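K.L.:
Residue numbers (the numbering used here), protein chains in the order written: chain P, 58 to 606; chain L, 58 to 606.
These are calculated hints, taken from the structure and not from any lab test. Just to be clear, a hint being listed does not mean it is correct.
No farther apart than 30 Å at their CA atoms in a straight line, the calculated lysine-lysine pairs in the DSSO-like style are these [what the hints assert, rightly or not]:
hint	chain 1	residue 1	chain 2	residue 2
1	P	Lys-118	L	Lys-361
2	L	Lys-158	L	Lys-204
3	P	Lys-158	L	Lys-212
4	P	Lys-434	L	Lys-115
5	P	Lys-203	L	Lys-461
6	P	Lys-301	P	Lys-314
7	L	Lys-431	P	Lys-118
8	P	Lys-375	L	Lys-115
9	P	Lys-115	L	Lys-158
10	P	Lys-176	P	Lys-298
11	P	Lys-201	L	Lys-133
12	L	Lys-501	P	Lys-434
In this text, all values refer to a predicted model and were calculated from it rather than measured experimentally.
2 protein chains.
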Amino acid sequence: MSQLGLLPRRAWTALLSQLLRLPCSSCIQAVRCHSQVAGAVLTSQLKAHQEKPNFIIKTPKGTRDLSPQQMVVREKILDLVVSCFKRHGAMGMDTPAFELKEMLTEKYGEGSGLMYDLKDQGGELLSLRYDLTVPFARYLAMNKVKKMKRYHVGKVWRRESPTIVQGRYREFCQCDFDIAGQFDPMIPDAECLKIMCEILNGLQLGDFLIKVNDRRIVDGMFAVCGVPESKFSTICSSIDKLDKMAWKDVRHEMVAKKGLAPEVADRIGDYVQCHGGVSLVEQMFQDPRLSQNKQALEGLGDLKLLFEYLTLFGIAEKISFDLSLARGLDYYTGVIYEAVLLHTPTQAGAEPLSVGSVAAGGRYDGLVGMFDPKGHKVPCVGLSIGVERIFNIVEQRMKTFGEKVRTTETQVLVATPHKNFLQERLKLIAELWDAGIKAEMLYKNNPKLLTQLHYCESTGIPLVVIVGEQELKEGVVKIRSVASREEVSGSSGNRRDKVFLPLPDFLRNMYLLAEKLSSWLIVVEMNKDLLQITIAACEYWMGGQKKGK
Amino acid sequence: MSQLGLLPRRAWTALLSQLLRLPCSSCIQAVRCHSQVAGAVLTSQLKAHQEKPNFIIKTPKGTRDLSPQQMVVREKILDLVVSCFKRHGAMGMDTPAFELKEMLTEKYGEGSGLMYDLKDQGGELLSLRYDLTVPFARYLAMNKVKKMKRYHVGKVWRRESPTIVQGRYREFCQCDFDIAGQFDPMIPDAECLKIMCEILNGLQLGDFLIKVNDRRIVDGMFAVCGVPESKFSTICSSIDKLDKMAWKDVRHEMVAKKGLAPEVADRIGDYVQCHGGVSLVEQMFQDPRLSQNKQALEGLGDLKLLFEYLTLFGIAEKISFDLSLARGLDYYTGVIYEAVLLHTPTQAGAEPLSVGSVAAGGRYDGLVGMFDPKGHKVPCVGLSIGVERIFNIVEQRMKTFGEKVRTTETQVLVATPHKNFLQERLKLIAELWDAGIKAEMLYKNNPKLLTQLHYCESTGIPLVVIVGEQELKEGVVKIRSVASREEVSGSSGNRRDKVFLPLPDFLRNMYLLAEKLSSWLIVVEMNKDLLQITIAACEYWMGGQKKGK
Numbered sequence: 058m059s060q061l062g063l064l065p066r067r068a069w070t071a072l073l074s075q076l077l078r079l080p081c082s083s084c085i086q087a088v089r090c091h092s093q094v095a096g097a098v099l100t101s102q103l104k105a106h107q108e109k110p111n112f113i114i115k116t117p118k119g120t121r122d123l124s125p126q127q128m129v130v131r132e133k134i135l136d137l138v139v140s141c142f143k144r145h146g147a148m149g150m151d152t153p154a155f156e157l158k159e160m161l162t163e164k165y166g167e168g169s170g171l172m173y174d175l176k177d178q179g180g181e182l183l184s185l186r187y188d189l190t191v192p193f194a195r196y197l198a199m200n201k202v203k204k205m206k207r208y209h210v211g212k213v214w215r216r217e218s219p220t221i222v223q224g225r226y227r228e229f230c231q232c233d234f235d236i237a238g239q240f241d242p243m244i245p246d247a248e249c250l251k252i253m254c255e256i257l258n259g260l261q262l263g264d265f266l267i268k269v270n271d272r273r274i275v276d277g278m279f280a281v282c283g284v285p286e287s288k289f290s291t292i293c294s295s296i297d298k299l300d301k302m303a304w305k306d307v308r309h310e311m312v313a314k315k316g317l318a319p320e321v322a323d324r325i326g327d328y329v330q331c332h333g334g335v336s337l338v339e340q341m342f343q344d345p346r347l348s349q350n351k352q353a354l355e356g357l358g359d360l361k362l363l364f365e366y367l368t369l370f371g372i373a374e375k376i377s378f379d380l381s382l383a384r385g386l387d388y389y390t391g392v393i394y395e396a397v398l399l400h401t402p403t404q405a406g407a408e409p410l411s412v413g414s415v416a417a418g419g420r421y422d423g424l425v426g427m428f429d430p431k432g433h434k435v436p437c438v439g440l441s442i443g444v445e446r447i448f449n450i451v452e453q454r455m456k457t458f459g460e461k462v463r464t465t466e467t468q469v470l471v472a473t474p475h476k477n478f479l480q481e482r483l484k485l486i487a488e489l490w491d492a493g494i495k496a497e498m499l500y501k502n503n504p505k506l507l508t509q510l511h512y513c514e515s516t517g518i519p520l521v522v523i524v525g526e527q528e529l530k531e532g533v534v535k536i537r538s539v540a541s542r543e544e545v546s547g548s549s550g551n552r553r554d555k556v557f558l559p560l561p562d563f564l565r566n567m568y569l570l571a572e573k574l575s576s577w578l579i580v581v582e583m584n585k586d587l588l589q590i591t592i593a594a595c596e597y598w599m600g601g602q603k604k605g606k
Numbered sequence: 058m059s060q061l062g063l064l065p066r067r068a069w070t071a072l073l074s075q076l077l078r079l080p081c082s083s084c085i086q087a088v089r090c091h092s093q094v095a096g097a098v099l100t101s102q103l104k105a106h107q108e109k110p111n112f113i114i115k116t117p118k119g120t121r122d123l124s125p126q127q128m129v130v131r132e133k134i135l136d137l138v139v140s141c142f143k144r145h146g147a148m149g150m151d152t153p154a155f156e157l158k159e160m161l162t163e164k165y166g167e168g169s170g171l172m173y174d175l176k177d178q179g180g181e182l183l184s185l186r187y188d189l190t191v192p193f194a195r196y197l198a199m200n201k202v203k204k205m206k207r208y209h210v211g212k213v214w215r216r217e218s219p220t221i222v223q224g225r226y227r228e229f230c231q232c233d234f235d236i237a238g239q240f241d242p243m244i245p246d247a248e249c250l251k252i253m254c255e256i257l258n259g260l261q262l263g264d265f266l267i268k269v270n271d272r273r274i275v276d277g278m279f280a281v282c283g284v285p286e287s288k289f290s291t292i293c294s295s296i297d298k299l300d301k302m303a304w305k306d307v308r309h310e311m312v313a314k315k316g317l318a319p320e321v322a323d324r325i326g327d328y329v330q331c332h333g334g335v336s337l338v339e340q341m342f343q344d345p346r347l348s349q350n351k352q353a354l355e356g357l358g359d360l361k362l363l364f365e366y367l368t369l370f371g372i373a374e375k376i377s378f379d380l381s382l383a384r385g386l387d388y389y390t391g392v393i394y395e396a397v398l399l400h401t402p403t404q405a406g407a408e409p410l411s412v413g414s415v416a417a418g419g420r421y422d423g424l425v426g427m428f429d430p431k432g433h434k435v436p437c438v439g440l441s442i443g444v445e446r447i448f449n450i451v452e453q454r455m456k457t458f459g460e461k462v463r464t465t466e467t468q469v470l471v472a473t474p475h476k477n478f479l480q481e482r483l484k485l486i487a488e489l490w491d492a493g494i495k496a497e498m499l500y501k502n503n504p505k506l507l508t509q510l511h512y513c514e515s516t517g518i519p520l521v522v523i524v525g526e527q528e529l530k531e532g533v534v535k536i537r538s539v540a541s542r543e544e545v546s547g548s549s550g551n552r553r554d555k556v557f558l559p560l561p562d563f564l565r566n567m568y569l570l571a572e573k574l575s576s577w578l579i580v581v582e583m584n585k586d587l588l589q590i591t592i593a594a595c596e597y598w599m600g601g602q603k604k605g606k
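One chain only, chain P, in its complex shape (with noise of 0.2 Å):
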């Protein structure tokens, strides 16, 4: 099959590969962006004089498109992610986008009410899936498995009023890690908070931090402040806002809505207010009030373990022992955390300002048992890497500081500067094809040279591979480097270095030459029908001309 005899396909191929990666890498220009998909709204308006006025074409209300720049940033952040929770040694799995209903009810407190729900067209009754952990339990529950590290990236659907300035959508992708299984305590919750700083460094979205609670203690503090224990998941529901509203507003809620009695809010509000490191932690045990409660201490027991772990981990300075995290899932039993980003304040000294969680998760012990017919549990920590949010942040920092992406990969662009070169072209983008190279051509019998060179030099191709008349008469191609506008053919004589040594001695010349070249340029030649690869690598074979300009 191998039209390129003289050397292995698959040697050829890694060769040229990395010689490719050369140019290819220092080549991100602007391709054509389709701008109207990159706002938020993605509604397209008719004009009254339109023949048919009813007719709007939008995706539904809190979804949205992903155009091809929106995807290569998407993809970035996903492979980070994804290789973080590798690096951890989770395995992948997928479940279906909708559950039977009752899979999904009674798991989400107040966010059962926002599930999609399908239509009843005979048979089962469906919802899309509310979050990834759910499917997760259910899944360990049905194949009875007692053990697993597992991440999972995929779609979620909430039918929440859409905000879409914060990065919610109704449609939003989830990136989750969980480690299920009885193992000794705070050594899988302490690897869940040390992915969460991985990502969040490789990501670089500037300073953050995690701020951790326990349910345990979350419940402790209501008892011994004497919040009546039927009020619990309301109370813990306005505890959940501090993040967004003062310490005032929520109280007032607390007392005038909820019916608590003020001097209850009042000790509620001097707990919430704590945060700090590990020294709150024992400053808590010794606390009059919560020291007195099991639950609480549980708690604090775990917290001060879990800071001794990451302490061991070197991210203790990143993580706040923060006694207003409350979490607004029902399933939640143990450790909690949230990671935040801290904007530099506007005037010094102020309190570093919070944009908003861009991560979270914690222990649920009990989720896994609510899917067991016989109701075994199976221990589960887990955490959620809020992609949508962190996307809107890469791409403003793009705008800011007028990054591009390409959309493509291709390094050759086939070309001709003459008429009736289609079967050629064609000849030889399949050859090209075939040994793994990226390569495409335009699709017009007689393109125009200069057409073909825009359209490198606006996708961000690097390469042109030139056939013509000249070119075919002495079974060569013309390479052209579309940045430098350098070119070289296969007859140009014995500036080339024809490289068709086995692979290691290969590669060994390539780093040495790498050090001392300023370019790389590949000849392809064409003898009769065999495609022959020659690698020539020519330091500043046109450095005559430059040194002139």
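With chain P fixed as given, assemble chain L onto it according to the hints.
P.N.:
Here is chain L on its own, set in the frame of chain P:
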């Protein structure tokens, strides 16, 4: 931050990754398999004596979870498909899982009844997407994009009676590649067929054939055979069944159920049993009836040109002009194609047996115009890869040959033979993670060494980094190859080559050594708090013992 002083972090990481590639790739081992999931029907049957007899944990009808084992196979297939799409210069894109119902109506013919509608919860009427083609056309029209080469990998949903043995699900993944824009005829169409060949060759699914026809030839054939125009669509549906039903049954359906005159059916019968290469195209040009039909002649003219390009691409022998190919979807307007896998016939001389379509597509020049308020057309041609069916074939093949996959990529387990070494393990593993090494440890305070080694064997982790009392005293760690049980430690003296060279030199040595050496070992030395990484390449360093065996 970096505690890996001697080499810059990036160089060090690259270097270690390079090293790790060797032991890793040779270590595809069996891992624990959630085999309950691997089967097709995912209902967890409960026994009569259980406590909650009404509670059945399952996924919705026609859907399934993907276990980690299945996920690895799926990802491999998708990677190959997507890298082919990128090789052809396609950009990525995404659309929401659901669309406004009105966007999807009147696009799929008989398929429309199989759409999943969402419940009307106040707001818009929504349906889950039925394919990726109609959302693509909606995207083009909405954003007024006139030219685009994109791929899209995503789930689609169809309420078909699931016949799971055939790999048909109600939720399934599609991989689409499409070229939108006004170009010279048949160049993009030929590229679509080239892509199908590259993917099917790449997946090594065995011999295959791509059937090609043109909607205009189908319509022309109906016209010249005397099918009334009102019956074109329903007769087309019957013809489409010829890959599953014998001609006499299809004929019976057309005559008895659909009221076609028997002599008309017989005329069709003469055509639809024709298949062949470009010579059949020539033959049909001469056909006394078909050559009278303008539409058919246009289709034949395009097919002739198509075959010319396919020959230049070197794939003409894989393509069969097949007059029985009709394709179910309404929106096709020109060339249509479908790839089928061929089994070697059991009896010599017998016709190769078709095992069903694994990829298909065609030209749809009118679809975008259906969304455009002014009806502006954007010609399109594309293809869709049937991932589920391919997945089933690959999974079956792996079962047959007993191939196993690793579900994690973990390179190193951090282990200890002694009690009270949790702190050292935590510190060490954090260093490895921070250096980009994929590392795990058991979440136990005091795991047994044997348990730790068994974990490596069962999950395919190739290396163990052992830290114990002796190692701690000497400031080293011991490295053990799980497969060969060889060990080396930082204190083993002059058999080690410390490699602290700049990267090019290092790589040069690397490849020289790779030819000579049988095993690679990594030694991690701990000097006080500084973790220094030394690369040791020891040829038969335990050679004496080996020979003795």
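K.L.:
Hints first: check each against the structure and report whether it holds.
P.N.:
Now the hints, each set against the structure:
1. P:Lys-118 - L:Lys-361: violated (47 Å)
2. L:Lys-158 - L:Lys-204: holds (26 Å)
3. P:Lys-158 - L:Lys-212: holds (20 Å)
4. P:Lys-434 - L:Lys-115: holds (18 Å)
5. P:Lys-203 - L:Lys-461: holds (22 Å)
6. P:Lys-301 - P:Lys-314: Holds - the C-alpha atoms of Lys-314 of chain P and Lys-301 of chain P are around 18 Å apart, at most 30 Å.
7. L:Lys-431 - P:Lys-118: Since the Cα atoms of Lys-431 of chain L and Lys-118 of chain P sit roughly 24 Å apart, the hinted pair holds (cutoff 30 Å).
8. P:Lys-375 - L:Lys-115: At roughly 41 Å apart (the allowed maximum being 30 Å), Lys-115 of chain L and Lys-375 of chain P break the hint.
9. P:Lys-115 - L:Lys-158: holds (11 Å)
10. P:Lys-176 - P:Lys-298: Roughly 34 Å separates the two Cα atoms, so the pair is violated.
11. P:Lys-201 - L:Lys-133: holds (27 Å)
12. L:Lys-501 - P:Lys-434: holds (19 Å)
Hint violations for this structure: numbers 1, 8, 10, all remaining hints satisfied.
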